[in-house]
Structures are given as C-alpha cells and as structure tokens.
Amino acid sequence: MSLTADDVNKIAHLARLGIDKQDVESYTKDLSGMLELMARMGELDTSGVEPMAHPLDQVQRLRPDVVTETNQRGHFQAIAPKVEDGLYLVPKVIE
Amino acid sequence: MHTQSISQLARSLRTREFSSVELTQHFLQRIKQHQDLNAYITVTEELALAQAKAADERLAAGEDGLLLGLPIAQKDIFCTLGVKTSCGSKMLDNFIAPYNATVVEKFNAQGAVLLGKLNMDEFAMGSSNETSYYGVVKNPWDTTAVPGGSSGGSAAAVAARLAVCATGTDTGGSIRQPAAFCGITGLKPTYGRVSRYGMIAYASSLDQGGPMARSAEDAAALLQAMAGFDERDSTSVNQPVPDYSAGLDNPLAGLKIGLPKEFFSDGLSDDVAQVLQDAIDEYRKLGAQVIDISMPNLKLAIPAYYVIAPAECSANLSRFDGVRFGYRCENPADLTDLYTRSRGEAFGKEVKRRILMGTYALSAGYYDAYYIKAQKVRRLISEDFKKALAEVDVIMGPVTPTTAFGIGEKMGDPISMYLADIYTIAINLAGVPAMSVPVGFSNGKPVGLQIIGNHFAEDRLLNVAHQYQQVTGWHQQAPDI
Chain E
1 MSLTADDVNK IAHLARLGID KQDVESYTKD LSGMLELMAR MGELDTSGVE PMAHPLDQVQ
61 RLRPDVVTET NQRGHFQAIA PKVEDGLYLV PKVIE
Chain R
1 MHTQSISQLA RSLRTREFSS VELTQHFLQR IKQHQDLNAY ITVTEELALA QAKAADERLA
61 AGEDGLLLGL PIAQKDIFCT LGVKTSCGSK MLDNFIAPYN ATVVEKFNAQ GAVLLGKLNM
121 DEFAMGSSNE TSYYGVVKNP WDTTAVPGGS SGGSAAAVAA RLAVCATGTD TGGSIRQPAA
181 FCGITGLKPT YGRVSRYGMI AYASSLDQGG PMARSAEDAA ALLQAMAGFD ERDSTSVNQP
241 VPDYSAGLDN PLAGLKIGLP KEFFSDGLSD DVAQVLQDAI DEYRKLGAQV IDISMPNLKL
301 AIPAYYVIAP AECSANLSRF DGVRFGYRCE NPADLTDLYT RSRGEAFGKE VKRRILMGTY
361 ALSAGYYDAY YIKAQKVRRL ISEDFKKALA EVDVIMGPVT PTTAFGIGEK MGDPISMYLA
421 DIYTIAINLA GVPAMSVPVG FSNGKPVGLQ IIGNHFAEDR LLNVAHQYQQ VTGWHQQAPD
481 I
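Line order of the protein sequences matches chains E and R.
In this text, residue positions in the first sequence follow my numbering: the first is 1, and each later residue adds one.
In this text, residue positions in the second sequence follow my numbering: the first is 1, and each later residue adds one.
Watch out, some of these pointers could steer you wrong.
[Claimed, not checked] In silico lysine to aspartate or glutamate, EDC-like type, Cα no more than 16 Å apart, as pairs:
no., chain 1, residue 1, chain 2, residue 2
1, R, Lys445, R, Asp480
2, R, Lys299, E, Asp45
3, R, Lys261, R, Glu391
4, R, Lys299, E, Glu36
5, E, Lys82, E, Glu95
6, R, Lys349, R, Asp393
7, R, Lys299, E, Glu43
8, E, Lys82, R, Asp321
9, R, Lys445, R, Asp243
10, E, Lys82, R, Glu330
11, E, Lys29, R, Asp413
12, E, Lys21, R, Glu391
13, E, Lys82, R, Glu262
14, R, Lys349, E, Asp23
15, R, Lys299, R, Glu262
16, R, Lys386, E, Asp57
17, R, Lys256, R, Asp36
18, E, Lys92, R, Asp413
19, R, Lys349, E, Asp57
20, E, Lys92, R, Asp480
[Unchecked claim] Listed below are several chain E residues computed to face chain R (Cβ distance under 7 Å; list not exhaustive):
no., residue
21, Met34
22, Arg73
23, Ile79
24, Gly86
25, Pro91
26, Val93
Derived from the structure by calculation, the hints contain no laboratory data.
The structure presented is a predicted model; accordingly, all values stated were derived computationally and were not measured.
All C-beta atoms, glycine included, are put in the ideal place defined by N, C-alpha and C.
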C-alpha cells in the first residue's frame with residue numbers, strides 16, 4: 001500500500017504537525033516504505049490471538065482517590081512560554 | 001583515576017587515596033579535553049563539585065555505599081531538577097526540569113555525583129545519535145563512525161572514560177546497540193524493573209531505563225541503585241530487588257545457551273559472526289552447553305515494532321503543544337497555528353516521521369489493521385521467548401548486524417536504519433531483559449554479544465557476563481584517545 005502527498009498532509013493535520021512543503025515527497029516515500037514493511041505482518045495468521053498491550057500482561061494499578069501532591073502552580077508555570085495571573089495564555093479561541 | 005572500576009574507586013575514596021572532589025575534577029577535566037566527541041549536552045560542573053564536597057563529608061563520617069562520591073552521568077532523558085533536560089530536542093532546549101526523575105532521586109540519595117547530561121537521539125528516536133538537535137556524537141574508537149543510539153552519548157562517555165558509568169534507556173535497542181558499537185557493557189532490564197517516572201516517554205509499553213558501564217560488575221552495582229518499585233510509575237512492577245552482585249561468581253558449568261538460527265542467518269556480517277563464535281566457544285570452555293533453537297516469529301519484530309512504537313510516540317508527544325512548557329513559535333495566528341507551528345519548528349525529521357506513522361496507524365479505519373494486528377504479532381513473538389526460555393537458561397546472539405557504521409552513511413535511508421535493529425527489537429516487545437557485552441573487535445571497532453534471559457533474570461545475565469569477563473579482557477580495552 002502506498003500513500004499520496006495528500007494523505008501525508010492530512011495525517012500531518014491530524015497530528016497538528018507542521019511539515020515543510022519540500023519534505024512532503026520524502027515523507028510520502030518513507031511512510032509508504034514503512035507500510036510495505038508492515039504488510040509483512042499479514043503473512044502471519046493471528047486469528048484467535050489476544051492482542052498484547054503490556055509485556056507482563058499487567059493491568060494498571062489504581063490508587064486511593066486522595067490528594068497526594070501539593071499545589072506547585074508557580075513552580076511549574078515558571079517554565080511556561082506565556083502566563084498571566086496564574087493562567088496559561090494562548091491566542092484568542094472565542095471572538 | 002579514570003581507569004578504576006566502581007569497587008576500586010569506592011575503596012580509593014575510603015582509604016583517602018583521593019577525594020570525591022579530586023575525582024570529580026579529574027573527570028570534568030577529561031570532559032573538557034574530549035569535547036569534540038560531543039558526548040555531553042550539559043556539563044553540571046558547579047552542581048557536581050557541590051555534590052562531591054557533600055559526598056566527601058559523608059565519606060569522612062564513615063558512611064557506606066558503593067556509589068557515594070562516584071561521578072556518573074545521566075542520559076538527557078531523565079528529568080533533573082533545576083537542570084536543562086532537553087531529550088536531544090529543540091522542543092525542550094529551554095526546559096529546566098521542575099522535578100527529579102525517580103532514577104535521579106535514587107542516585108542523589110546514594111550520594112553519586114552528577115557530571116552532566118548526555119547526548120542522545122531526539123526523543124530517543126534513532127540508532128546513530130545523528131537525530132540529536134545538539135549534533136552527532138563521535139564514536140571514541142573511530143571518530144568517523146557513529147556511537148549508536150539512542151543512548152549514544154552515554155556509550156561514548158563510558159567508553160572514553162568521561163564518566164565512571166552512565167544511565168541509558170532502551171525502547172528498541174537504545175542501550176544495547178550503542179553499548180555494542182562503543183565496546184561497553186549495557187543492560188536493558190525487564191520492562192517495569194526501573195521506574196519510568198521522570199523519564200521522558202517515547203513508547204510507554206517498551207521504554208526501560210538501565211545501566212551502561214565498563215563491566216558486568218559495575219553494571220550490577222548501577223542496576224542495584226536504579227531498580228525497584230515506584231508508586232509514581234503506574235507500570236512499575238512490585239517485585240523484590242535481589243542482590244545483583246551476590247551471584248556474579250557462580251560457575252557456569254551446565255548453563256544452557258540457546259542460539260536461535262534466525263539470529264545467525266542472512267544479514268549478519270561475516271566478521272561479526274566470527275567474533276561471536278569465538279565468544280560462544282569461550283562459554284563452552286566455561287562449561288556451558290550450546291543448543292540450537294528456533295524462534296520463527298522474530299522476523300516480524302520490526303514491522304510490529306514500527307507500528308507499536310510510533311503509535312505510542314504519537315500519543316506521548318502530543319503533550320508538546322507549545323502551551324505549558326517547551327518551545328512556542330513566534331506570533332501564532334490562532335490556537336491551531338500555535339500547535340502546528342510550535343511542533344513543526346521544534347521537532348526534527350525523524351521524530352516527525354514517527355509521529356506521522358503513528359497517527360496514521362491509530363487513525364479511524366486503520367487501527368485494527370495495524371495497531372491491533374501488531375499487538376497480536378507481539379504476543380506471538382513473546383511466546384517464542386517463553387518457549388525458548390523454558391528450554392534454555394539464556395539466549396545468545398548478535399546485537400547488531402555490523403560494527404559501527406559511518407557518520408552520515410544511513411541518514412538518507414531511514415528504513416535501512418530501522419532494519420539494522422533486527423536483533424534488539426524483539427526483546428523489548430517481549431519485555432525480557434538483555435545485555436550487550438563486548439567480545440572483540442573487527443577492523444578496530446568493537447563487537448557486542450547479546451545475552452537474553454527470562455523476565456527478572458537480570459542477576460543471571462550479569463553472572464553470565466561477569467564469568468566471561470573474568471576469563472577475557474575485552475571489557476578492559478579502552479580507545480586510544
């Protein structure tokens with residue numbers, strides 16, 4: 001299976017990922033190559049096989065629903081690109 | 001000073017042959033002298049000297065502990081409070097970590113000295129350290145060759161003696177492959193053995209931190225400090241940590257070694273195969289029994305990995321959105337522009353390639369065909385390991401098809417780079433532990449032997465590696481720089 005430049009632009013949009021126009025062709029080629037590689041999985045009959053999400057087949061632990069962390073807003077916002085009055089600033093979303 | 005092992009250094013520090021401050025200064029000096037290798041992204045000189053001074057006080061008070069006062073370095077993927085933690089990316093070039101990774105906390109508690117943060121492929125995606133925003137690391141054995149990746153800075157620093165030992169992380173071979181290319185001893189533990197808290201995520205069901213050292217004995221000491229259950233990592237495994245040094249001297253008589261025929265077929269270069277045969281002969285002399293085995297599903301490890309890892313990567317890296325931390329583009333027109341341009345301007349090409357691949361594999365209509373299919377293949381691969389390890393104690397094979405390739409040689413062809421990870425990737429899919437041990441050279445470049453064991457058999461792997469290192473000297477060889 002191979003992809004087109006349009007496919008790649010669509011995937012990039014889904015990922016909110018800017019890609020340079022001049023790179024679209026090489027991504028198209030690389031991704032098509034990867035899909036070709038992945039098609040090899042089709043050789044293997046996997047009917048009845050349970051998908052494996054965790055190498056030790058563990059499920060996620062749950063913890064009691066109690067507060068364990070202290071508020072460190074100022075500390076964490078010290079590295080934010082843009083904050084004001086304790087809020088993260090982004091361009092206006094609603095006019 | 002820089003040639004001593006961890007236990008030798010611990011002794012020297014206790015007999016006051018030199019202080020931790022002197023030892024730290026010596027290593028800082030060496031780092032400066034060998035800056036051209038580009039092994040470090042950040043050197044934490046002030047912090048290191050303060051930690052060394054504190055360690056000297058604890059030593060003077062008679063405190064015990066193998067790592068007390070020992071200069072080590074961290075892969076720049078482990079968050080370090082107050083220190084730039086870049087993960088090799090422009091995205092985090094301005095990121096001063098607001099907290100410590102559990103692994104960093106553990107080393108701090110033991111009184112180890114942090115020399116700095118080591119270079120790596122961007123977000124640990126790469127096999128050559130060439131995807132780093134901070135430039136390629138040079139292999140100290142041959143400065144025209146890559147050190148491997150993604151823990152390339154770690155491997156180069158340990159090989160060139162720019163740190164006593166270092167940490168690495170391994171998602172598809174990122175500890176073992178650079179360890180092999182740089183002639184050092186690296187161990188990828190069982191998935192869940194070392195906490196991932198504060199270790200910047202690439203593919204969460206595969207990522208695992210581990211030690212990179214000069215010998216199995218040093219790696220055992222390092223793993224002892226790193227391993228253990230952590231409540232803050234939801235996939236950490238709650239199992240007791242054994243004494244990794246206790247069994248190092250156990251004899252290997254009767255050890256059953258499995259050699260999968262799939263590991264020794266087409267693609268493995270003749271020179272590497274020859275060096276590996278010599279190493280396996282050495283194990284025969286140590287009393288091991290060598291058995292041919294077959295693991296038929298190994299050949300599908302690469303396709304399965306290149307679905308699962310990019311899928312998890314595309315989800316994990318969605319947190320880098322230019323809003324709360326990291327890079328933000330100038331003058332975003334609107335929110336979508338802010339996300340798209342921040343990510344577009346700050347991620348390198350390999351990271352983008354994997355985000356695109358993962359996004360595609362997880363998108364509506366393709367999820368079952370790719371992601372679920374890959375997880376099914378993953379189970380079959382894992383069962384191959386289960387079957388094999390019921391029959392033999394350890395599996396041995398190559399780490400890489402060739403010795404370190406040249407800088408720039410494979411950058412134009414990402415798929416051929418992926419295919420070179422053929423021997424390491426299946427191990428991450430199965431979650432079992434594996435080591436790379438230096439076993440010789442070809443044309444002046446190191447060759448690594450891979451030793452794979454059952455879940456939580458790190459002690460056995462270290463024992464098997466240590467016994468080899470007791471009768472050979474490859475691990476003591478250092479590049480002539």
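Here is how each hint holds up against the structure:
1. Among the hinted pairs, lysine 445 of chain R with aspartate 480 of chain R is consistent with the structure: their alpha-carbon atoms are about 12 Å apart, no more than 16 Å.
2. Distance restraint check for lysine 299 of chain R and aspartate 45 of chain E: the Cα-Cα separation of roughly 14 Å lies within the 16 Å cut-off, and the hinted pair is therefore satisfied.
3. Straight-line distance between C-alpha atoms of lysine 261 of chain R and glutamate 391 of chain R comes to about 15 Å, which keeps the hinted pair within the 16 Å bound.
4. Straight-line distance between C-alpha atoms of lysine 299 of chain R and glutamate 36 of chain E comes to about 15 Å, which keeps the hinted pair within the 16 Å bound.
5. The hinted pair formed by lysine 82 of chain E and glutamate 95 of chain E fails the criterion: a straight-line CA distance of about 20 Å is larger than 16 Å.
6. A C-alpha spacing of about 41 Å is found between lysine 349 of chain R and aspartate 393 of chain R, which places the hinted pair above 16 Å, so the restraint is violated.
7. With a C-alpha separation of about 11 Å, the suggested pairing of lysine 299 of chain R with glutamate 43 of chain E holds against the 16 Å cut-off.
8. Using a Cα cut-off of 16 Å, the hinted pair lysine 82 of chain E and aspartate 321 of chain R holds, with the two alpha carbons roughly 13 Å apart.
9. Pair hint lysine 445 of chain R plus aspartate 243 of chain R does not hold up; C-alpha atoms about 33 Å apart against a cutoff of 16 Å.
10. At most 16 Å may separate the alpha-carbon atoms for a hinted pair to count; lysine 82 of chain E and glutamate 330 of chain R meet this at roughly 11 Å.
11. Of the pairs offered as hints, the one joining lysine 29 of chain E and aspartate 413 of chain R holds, with about 11 Å between alpha carbons and a cut-off of 16 Å not exceeded.
12. Between lysine 21 of chain E and glutamate 391 of chain R the CA atoms are separated by roughly 54 Å; this puts the pair beyond 16 Å, and the hint is violated.
13. Taken as a hint, the lysine 82 of chain E and glutamate 262 of chain R pair is broken in the structure, with Cα atoms around 54 Å apart against an allowance of 16 Å.
14. Taken as a hint, the lysine 349 of chain R and aspartate 23 of chain E pair is honoured in the structure, with Cα atoms around 9 Å apart against an allowance of 16 Å.
15. Distance check on the hinted pair: lysine 299 of chain R and glutamate 262 of chain R sit about 8 Å apart at the alpha-carbon level, within 16 Å; holds.
16. Taken as a hint, the lysine 386 of chain R and aspartate 57 of chain E pair is honoured in the structure, with Cα atoms around 13 Å apart against an allowance of 16 Å.
17. As the CA atoms of lysine 256 of chain R and aspartate 36 of chain R are separated by approximately 44 Å, the hinted pair breaks the 16 Å bound.
18. Annotation: proposed proximity of lysine 92 of chain E to aspartate 413 of chain R is violated, straight-line Cα distance about 42 Å (limit 16 Å).
19. Distance check on the hinted pair: lysine 349 of chain R and aspartate 57 of chain E sit about 33 Å apart at the alpha-carbon level, beyond 16 Å; violated.
20. Distance restraint check for lysine 92 of chain E and aspartate 480 of chain R: the Cα-Cα separation of roughly 59 Å exceeds the 16 Å cut-off, and the hinted pair is therefore not satisfied.
21. Restraint check, methionine 34 of chain E versus chain R: the minimum CB separation of about 6 Å is within 7 Å; hint holds.
22. A least Cβ separation of about 11 Å between arginine 73 of chain E and chain R goes past the 7 Å threshold, and the interface hint is therefore violated.
23. At a threshold of 7 Å, the smallest CB-CB gap from isoleucine 79 of chain E to chain R is about 5 Å, leaving the interface hint in force.
24. Checking glycine 86 of chain E against chain R by beta carbon gives a least distance of about 13 Å; that is not within 7 Å, so the hint is violated.
25. Satisfaction of the interface hint for proline 91 of chain E is found here, the shortest Cβ-Cβ separation to chain R being roughly 5 Å, below the 7 Å cut-off.
26. Below 7 Å, beta-carbon pairs count as interface contacts, and valine 93 of chain E has one with chain R at about 6 Å; its hint therefore holds.
Of the numbered hints listed earlier, those contradicted by the structure are 5, 6, 9, 12, 13, 17, 18, 19, 20, 22 and 24.
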